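**Student:** Sequences are here, hints too, so could you generate the full structure?
If you read the protein sequences in the order shown, they are chains A and B. One rule links them: number in our numbering = place in the first sequence (from 1) + 5. One rule links them: number in our numbering = place in the second sequence (from 1) + 47.
Calculated directly from the structure, the hints in this document are not laboratory data. The structure displayed is predicted, hence computed values, not measured ones.
To be clear about the criterion: a stretch of chain A counts as covered by chain B if any three or more of its residues have a C-beta under 8 Å from a C-beta of chain B, and this derived list gives those stretches:
#1 116 to 122
#2 125 to 139
#3 170 to 180
#4 187 to 198
#5 207 to 217
Idealized CB from N, CA, C, for every residue including glycine.
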Amino acid sequence: MGAPPRTKRFVRTDIPATEKCVGGAILLLLLGIAGAVHYRGVHYDPGIFEVDISALESTREAVTGVAATLREAPASATTATAAQSAGLGRVLPEFGLPLKAMGPTELYNPDTLFEKINGRAPAYQEFSFQELTTRSFSLPQQSGQFLDVFIFWMDKPLSAFGIFSLERDPTAEVVNFASDGYRSEMGYFFRTGRAYVQIIASSPEADVMDVAERYASYLAERLPADDSGMEARMRLPSYGQVPGSVAFVAQNAYGQELLKNVFQARYQFDGEQLNYFAMQAADNAQAQQVWQALLDFNAKFGEVQPPYESDGATVFEAENFGEYTVVAQQNGLISGIVNAANSENAKQFMRHAISDHFPAGKAVVAPIIEAVPEDAYEEERY
Amino acid sequence: MSKPEIELDPKEMSRRDFVQQALLTGFVSLGSLGAAAALWRREHVVPGFEDKAGIQLPSFRPDVAKFLPDLSVAHSLNRSTAIRAAVDQLGGMERFIKHGDVVMIKPNIAFDRPPALCATTHPDALRTTAQLCFEAGAKEVFVADNPINSPASCFLKSGLEAVADELNLKLLYPEQRAFATIEMDGEILRHWPFFNRPFQQANKVIGLSPCKDHNLCHASMTMKNWYGLLGGRRNQFHQHIHSIISDFALMIEPTLVILDGMDVLVSNGPTGGRLSDVKPVNTVVAGTDMVAVDSYGFTNLLGRDVEKLEYLHKAHARGLGNMNWKDLKLKEVEA
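**Tutor:** Structure (structure tokens):
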């Protein structure tokens with residue numbers, strides 16, 4: 006009878022051929038990537054941003070003392086630009102206005118945006134920037150005056166609204182030719198669909214601003230309207246809303262991790278300014294979870310009244326450090342007033358909001374603005 | 048008693064196989080480490096520039112003036128008046144510019160924005176500064192910057208080209224041949240393409256900056272202004288923005304810096320776009336220590352907490368300037 010082995014044996018098993026092939030392929034791939042990185046590094050062109058002086062001279066002559074843009078960044082022939090994907094052409098025209106293009110339409114993608122707005126580019130990239138279409142126009146009838154047109158294409162309407170609201174001038178005059186827009190002293194700014202448009206004038210003079218306004222409204226008519234994904238925004242009451250106060254917060258609204266993609270606005274109500282928010286959850290269960298988390302948070306740091314039903318919505322009221330919060334949820338929508346000075350105002354406002362703006366008995370799917378049919382701008386594409 | 052026999056499994060690894068595989072693994076690992084070491088560059092080097100001898104800038108700083116202030120602040124409703132008053136408080140432009148000097152003025156014209164939006168050096172600031180140089184006896188004054196996008200458009204729309212035409216200032220554009228490699232022992236900046244042509248001609252350098260909010264580094268003032276002298280894909284430095292800005296205080300010792308805080312871009316910087324982003328502060332700050340000038344500007348023009356401006360702390364800690372502007376000889380005037 007043989008003695009048992011002294012140690013546990015290491016037994017090498019066969020490695021299947023497939024595994025060997027996959028392993029080899031991964032190693033080859035890694036080598037390939039390393040080689041490609043090395044090649045690109047060695048063959049980097051340090052003169053990539055060199056100015057084409059001859060182009061500079063010719064554009065200088067062309068614009069007779071007015072600015073010129075030099076760098077055209079055309080997309081490859083096989084790649085549609087964001088503008089083209091939206092059903093539009095790739096050239097920003099004069100729209101028959103008294104304008105003269107100062108150079109070609111320029112295109113920038115996320116990798117090249119810094120060439121145009123270095124330093125500011127990261128703010129746009131945080132909102133999933135896709136492409137910038139931009140062109141400058143001189144006003145031949147007003148010597149030395151010009152308009153700069155920028156269309157920042159984001160990945161979705163919500164992102165475009167996010168960067169629009171981040172940069173918005175809250176005191177500016179609201180315009181009526183776009184779903185979100187305002188007139189600044191030296192330009193027009195609006196969001197329509199996933200496009201955030203800036204028309205910046207060289208001066209606040211009336212003649213210049215008049216052309217800027219006409220250009221902005223022509224452009225707004227031709228850009229596809231799309232408010233998909235912004236359902237919660239449609240639930241913000243309009244009465245008493247402070248103009249220009251609507252904002253979008255992608256993460257951590259009011260410091261609450263669960264409050265994401267929140268729309269908020271300020272309201273003038275019975276002598277007090279109230280902060281109201283609305284968030285559309287994925288489903289009822291998530292809405293209930295968020296609502297409960299807000300209740301727990303308020304209970305931890307303040308005093309919460311027993312929840313109650315109002316017009317089918319579940320509501321809680323809380324007091325924290327002398328300020329009042331009322332939050333309701335129903336059918337996937339969570340909304341509320343936060344940090345109100347007067348509890349009666351908060352409760353009364355919420356009663357109106359629930360009765361007029363909550364989605365009774367159905368899920369919220371209500372983009373109010375319909376998309377412009379493509380043939381609406383067939384005649385005059387840009 | 049004999050040792051029990053070990054039964055060999057035909058699939059078991061032999062000692063020879065083990066040694067061979069261990070050696071092979073070791074060689075591959077060492078080879079990888081060696082390749083990584085060969086490819087790794089501690090410095091920021093643009094391939095293609097590494098074989099060029101790096102340049103270092105001479106100091107353009109004026110001699111120490113024992114009884115004159117290091118920092119001046121002028122308040123006025125008129126930009127030209129404020130700049131003249133601020134320079135006068137430092138001893139006049141004659142302290143900095145001598146007869147026959149060739150002066151380079153470095154404005155900030157990073158964007159093709161109209162002057163009213165205050166994203167760029169204001170044309171009136173350039174006009175006054177250039178006039179002061181000529182009045183002090185400068186033989187020639189030229190203006191240089193390297194905006195990434197379109198220098199022609201930036202010079203034109205900012206209004207600086209018109210001033211250059213008016214005063215016969217030479218505009219230097221960033222052509223490829225205008226660059227050389229700068230070599231320095233910065234925290235992040237060591238070996239990089241640099242807009243050198245202006246420095247081959249000028250013996251005095253004046254930084255002329257707007258005061259702006261900045262999305263990445265909180266504020267763009269006189270130190271950040273020198274970013275416009277770098278070439279290459281300089282946006283990669285954004286990951287180390289405070290380090291690179293503090294390196295500029297090592298890279299260059301200008302003759303004078305002027306911070307134009309007449310209208311300050313307080314939000315949506317550095318590009319702005321709306322007049323509502325601009326706040327009139329009616330103040331100009333001038334000095335020879337750009338760390339001190341920026342420290343004053345951040346505190347008093349932008350109204351922010353200087354403790355939070357990391358690049359000032361870095362430059363101060365490295366002895367490249369004094370962010371405690373209250374410790375300096377300061378003259379403040381209403382003009």
